[in-house]
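Enquirer: Go ahead and model the full structure; you've got the sequences and the hints to work with.
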Amino acid sequence: MESLSTKETTSKDCNGDSVFENVVRAPDVPVYAVMVAYSKDPSPVKLNLGIGVYRTEDGKPHVLNVVRRVEKLLLDDVSATKEYLPITGMAEFNKLSAQLVFGADSPAMKENRVTTVQCLAGCGSLRTGADFLAKHYHQHTVYLSQPTYGNHPNFFLAAGLTLKTYRYYDPITRGLDFQGMLDDLGSAPSGAIVLFQVCSHNPTGVDPTLHQWEQIRQLVRSKGLLPFFDNAYQGIVSGSLDMDAQSVRMFVTDGGECLVAHSYSKIMGLYGERVGALSIVCKTADVAKRVESQLKLVIRPMYSNPPIHGASIVTAILKDRYGGSSMFF
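Residue 73 in full-length UniProt numbering sits at position 73 of the sequence shown, with consecutive numbering throughout.
The set of hints was computed from the structure by calculation and includes no laboratory data.
From the three backbone atoms N, C-alpha and C, an ideal C-beta is built for every residue, glycine too.
Some hints could be false.
[As the list claims (entries may be wrong)] Capping the alpha-carbon separation at 30 Å, the derived lysine-lysine pairs in DSBU-like fashion look like this: (1) 95 / 135; (2) 40 / 60; (3) 283 / 223; (4) 164 / 82; (5) 60 / 266; (6) 289 / 319; (7) 95 / 110; (8) 319 / 82; (9) 283 / 164; (10) 164 / 40.
[What the hints assert, rightly or not] Label-pair distances were calculated between CB atoms; the ranges are: (11) 136 / 95: 35 to 45 Å; (12) 243 / 68: 22 to 32 Å; (13) 224 / 58: 46 to 56 Å; (14) 58 / 221: 27 to 37 Å; (15) 162 / 294: 15 to 25 Å; (16) 25 / 296: 16 to 26 Å; (17) 135 / 68: 17 to 27 Å; (18) 246 / 175: 12 to 22 Å; (19) 53 / 153: 14 to 24 Å; (20) 95 / 17: 51 to 61 Å; (21) 296 / 44: 31 to 41 Å.
Expert: Below you can see the structure in the form of structure tokens.
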């Protein structure tokens with residue numbers, strides 16, 4: 001009889017209101033709502049201007065030829081496994097990613113002052129960096145450009161950081177509000193984190209000149225600000241991977257510290273593979289080792305370790321580029 005009573009009570013309880021009854025429906029994420037609307041639109045001449053992805057002339061998804069060739073090689077590689085990667089990801093991928101943005105002759109890399117960890121594309125790299133700063137950096141104020149990529153605020157707010165903005169785009173001239181930018185960063189508190197975009201600023205497409213970047217660098221260093229670079233479009237602006245990375249390299253060759261979030265979503269069309277990395281340039285090799293040890297503790301409860309396939313593709317392509325074999329180029 002006790003068993004029957006318990007069963008009846010449980011059944012009655014389960015028929016009540018949901019424990020999630022007070023959950024409010026969240027608004028749709030605009031850019032993904034556009035994708036849904038596009039898929040439902042029956043128009044034969046529709047054009048999707050939402051998420052920026054490569055498309056063929058007839059509007060179909062496009063996978064780069066080099067990616068297709070590498071995937072065939074990976075498929076035929078009997079030595080390839082599906083084992084867990086280390087928490088920090090694929091070591092060779094990390095080294096090549098740092099080399100891509102900082103340059104093959106980077107003093108910081110030669111001195112082992114750079115720690116790089118594989119992350120889940122650009123978004124995952126930014127969020128990992130934000131969580132690390134929230135736990136281990138004394139200043140919790142982050143300055144974002146006005147305007148900025150729509151998801152940027154979310155990474156830092158979710159980590160518990162405080163947001164402020166600096167002037168960036170001038171709608172009158174349709175160019176950079178350089179003086180406004182300098183004024184706002186000049187009034188930022190010492191140690192504040194400043195998010196910059198390496199090139200092809202999202203959403204404006206307006207970038208500082210190299211001369212302006214040098215002035216920005218001098219201001220950042222004189223104020224003791226901490227630069228955090230979002231590197232999503234390297235090579236797309238000028239056609240040169242090295243030219244497009246000149247801005248961030250200025251902040252590395254001066255011996256100072258900075259963070260860089262790398263993404264291969266746009267530059268290799270690996271959107272769904274979620275391939276990225278976070279690099280932190282430190283003052284010394286010893287500091288870099290300690291920073292990496294703490295990054296592991298940020299990553300472990302978040303996603304434990306990154307996926308292997310996309311990183312294998314990127315590694316093969318970058319090895320070919322820097323190894324000079326010209327297998328793919």
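Enquirer: Compare the structure with each hint and give your call.
Expert: Against the structure, the hints:
no., hint, verdict
1, 95 / 135, "holds, 25 Å"
2, 40 / 60, "holds, 16 Å"
3, 283 / 223, "holds, 17 Å"
4, 164 / 82, "violated, 43 Å"
5, 60 / 266, "holds, 16 Å"
6, 289 / 319, "holds, 25 Å"
7, 95 / 110, "holds, 11 Å"
8, 319 / 82, "holds, 21 Å"
9, 283 / 164, "holds, 27 Å"
10, 164 / 40, "violated, 38 Å"
11, 136 / 95: 35 to 45 Å, "violated, 23 Å"
12, 243 / 68: 22 to 32 Å, "holds, 27 Å"
13, 224 / 58: 46 to 56 Å, "holds, 53 Å"
14, 58 / 221: 27 to 37 Å, "violated, 50 Å"
15, 162 / 294: 15 to 25 Å, "holds, 21 Å"
16, 25 / 296: 16 to 26 Å, "violated, 37 Å"
17, 135 / 68: 17 to 27 Å, "violated, 41 Å"
18, 246 / 175: 12 to 22 Å, "holds, 19 Å"
19, 53 / 153: 14 to 24 Å, "holds, 23 Å"
20, 95 / 17: 51 to 61 Å, "holds, 54 Å"
21, 296 / 44: 31 to 41 Å, "violated, 51 Å"
This entry does not satisfy hints 4, 10, 11, 14, 16, 17, 21, going by the numbered hints stated previously.
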